[in-house]
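Given the coordinates of chain A, work out where chain B should sit on it, guided by the hints.
Number of protein chains: 2
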Amino acid sequence: MKKVVKFGGSSLASAEQFTKVKDIICSDIDRRYVVPSAPGKRFSGDTKVTDMLYTCYAAAEQDEDFSDKLAKIQARYNEIINGLGLTLSLDTQFEEIASKFAAKAGKEYAASRGEYLNGIIMANYLGYEFVDAAEVIRFNHDGSFNAAVTNKIMSKRLEKVERAVIPGFFGAEEDGTIRTFSRGGSDITGSIVARAVNANLYENWTDVSGCMVADPRIIRNPEPITTITYKELRELSYMGASVLHEDAIFPVRQAGIPINIKNTNSPEDRGTMIVEKTCHVPKYTITGIAGKKDFVAINIEKDMMNAEIGFGRKVLEAFEKYGISFEHMPSGVDTMTVIVHQSEFEEKEQKVLTEIKHLVHPDVLDLEPDIALIAIVGRGMREARGTAGRIFSALAHAKVNVKMIDQGSSEINIIVGVKNSEFETAIKAIYDIFVVSQL
Amino acid sequence: MKKVVKFGGSSLASAEQFTKVKDIICSDIDRRYVVPSAPGKRFSGDTKVTDMLYTCYAAAEQDEDFSDKLAKIQARYNEIINGLGLTLSLDTQFEEIASKFAAKAGKEYAASRGEYLNGIIMANYLGYEFVDAAEVIRFNHDGSFNAAVTNKIMSKRLEKVERAVIPGFFGAEEDGTIRTFSRGGSDITGSIVARAVNANLYENWTDVSGCMVADPRIIRNPEPITTITYKELRELSYMGASVLHEDAIFPVRQAGIPINIKNTNSPEDRGTMIVEKTCHVPKYTITGIAGKKDFVAINIEKDMMNAEIGFGRKVLEAFEKYGISFEHMPSGVDTMTVIVHQSEFEEKEQKVLTEIKHLVHPDVLDLEPDIALIAIVGRGMREARGTAGRIFSALAHAKVNVKMIDQGSSEINIIVGVKNSEFETAIKAIYDIFVVSQL
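Protein sequence lines, in the order shown, are assigned to chains A and B.
The first sequence runs contiguously to residue 439 in full-length UniProt numbering.
The second sequence runs contiguously to residue 439 in full-length UniProt numbering.
Bound-form chain A, shown alone:
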């Protein structure tokens, strides 16, 4: 068995967190490949090391003296090293960083050092081999990730390595130029490593006990999701749930490796398993709720619309012409509504409306802004009759006006449109009916 374990910044913010991480890793001999982030915030108001590096490098770029700033960063690392009682010095590494900063080695190089240095400490602390990500993760010259070459190099490099630490977030071009993934990119590194070593499980350790049924900013202490399919996760992520980035899911999903989101501060919690398929019966009918504000509904009415073959296609063409992707298109007999992102639509509004008028000559063309969309997602909804009834009863009870409803035959997803101002009320009502009261 091989497990790849990735730890987020808050899991590695201090020596205390490092000891928790070591306990976790040592409690399971299968946890052989470790992907650390850079040290995060130790307390609310603290600064992440990556942000300190950005600031420091910005000074270097302006030819200002950045030695104090760099010293503070080294102090952060030394605090960890000393806290762990290690006899490790990062002086050589910091000298190299100072000279590269002075030579303006680039923002991506600067940002990557947070993970790089943390990886060295982690390897030393665990007694694992340190494998520099620059050696095994390959980027193209245009900055895009080269999956095929990476997989080949990394598989080969790690083949004979029993246990290793590979820092997250960065890699390098063939000539050694450091490149980074978008921020939060350590998740991607973990996923790439899992695929390269053909892991049985990719554990993603963070500071929450998995994905939550609803957004904690709206629902206080929401229940965690124990098992979620990639498909459900994608629907929730798309609708605003912040879990893993698409790019972090792709390599393991492709290889059929499940992901387990775990909490470093509460390792006994099961966390969330993200899987391709499961016969695990969800605890609640719904797996999760997510939503986004600021959509606009374009209502089109035309007598005998339904008799006009090509009507819908022409309407969508008007949006496509101006590069606007539509989210939903519910329709009646002589009415059609197209839902799009307000931000995308606003500046091209008049052009699109003119195009629609020109293409289909509607009788009525109306706009309704400030619409929020809520996705209620769950593979359990397929089996449970009455899900829609419960949702809409709950919304009615909470005096929420439903502006739009959309449920296709996949039956794992119902989309509801409400006013922006009723968004939180609607989410609370749905959460209550399915999770709190379980009516």
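Keep in mind the hints are simulated off the structure, nothing from the lab.
Predicted model, so just to flag it, every value in this text is computed and none were measured.
Certain hints may be false.
If chains are identical, the list can't say which one is meant, so a pair holds when it fits in one copy or spans any two.
Subject to a maximum C-alpha distance of 35 Å in a straight line, what follows is the list of computed DSBU-like cross-link-like pairs (lysine-lysine) [unchecked claim]:
(1) K22 x K100
(2) K100 x K293
(3) K72 x K48
(4) K156 x K428
(5) K357 x K302
(6) K419 x K302
Chain B alone, transformed into the frame defined by chain A:
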């Protein structure tokens, strides 16, 4: 005040029915223009005069002796004439019909005589002027109705005529060749007359007390609809409610003339008012329910579908290419369902599926046949919160599985997809919750 009154075949099937009709007409001096149908069935199992005419003419076309058949038709009319105690003979008319049948004057000519003769009797009985529809309703040589010319001729002809009977269902080309509307076309004649005389109301007298909230074949003695807007009616008609043909609504709607559906056998009933706009508060939250069976759902899944601008447009293009109009297109994030008529889709099925594959390369492409669509329509739904909740609770309670939901921002229409086999159960459940229990 001018009212145009159209009477259906069952309202004019016998002398007894004629007396009811005269009472109705004489009870309101505004009922000045009368459009009769041909005599309908007097009892269950009886034959409509129009069908007798078709059979008779079919014999004539085969050069068979049709005199007996024609005599039976004249007997039907004489029964009415005698029953009303009129001193009217239709001998001249029947001689002309016999000679024209022998000369093979055409099916449309044959069919039209039912209304023509009934109009003559009605005019005689009421003491109104008889105006032959052949004189005032103009068809083009290709058989299409010529609205502009008709309106001009008819307005002029009726300008000085205080009270008239104009037979329904037919008109003529410029050279006098008789042409008919599709069957049920007397409704169209009434509408055209109402527009030409600029009537204040078009009364359409039939054998039911207006439009019903639901199909009487599914709901026993459904409640009538007192007031319905054209828009609501169109949605219900489209979804299978049999009320007036589109072509019968168009002329009066254009002229802003309301329609009143009334019951000859129960004239005191208010019937149904069909209007452009109304502030009449509906008795129930919903105005009506209608539905149709035999749709098929084409489910399309593709990862990252939502990121692909033009995806929906391309899918619709595949249907359009083969002349298939889509009914609904509910969508999730990575899923899209297209609902089409099974009968339209079946024979082109493989071509359309291949086209979809070619255009958008879906991950999954599934078909689900035998879907019924139900439209719950009502202008009152805009105001009443919780309509959707009531619908879906009722369906859940009736153990109906909801396959699809579609509600746009017009908010006067919710479309629900269920299995064909659960169609009647679903309609009953919805009718019960809104009309019977009014929960």
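Here's how the hints hold up against the structure:
no.: 1; hint: K22 x K100; in the structure: within (32 Å within a copy, 104 Å between copies)
no.: 2; hint: K100 x K293; in the structure: neither (44 Å within a copy, 72 Å between copies)
no.: 3; hint: K72 x K48; in the structure: within (12 Å within a copy, 100 Å between copies)
no.: 4; hint: K156 x K428; in the structure: neither (50 Å within a copy, 66 Å between copies)
no.: 5; hint: K357 x K302; in the structure: both (11 Å within a copy, 31 Å between copies)
no.: 6; hint: K419 x K302; in the structure: both (25 Å within a copy, 29 Å between copies)
Checked against the numbered hints above, the structure violates hints 2 and 4; every other hint is satisfied.
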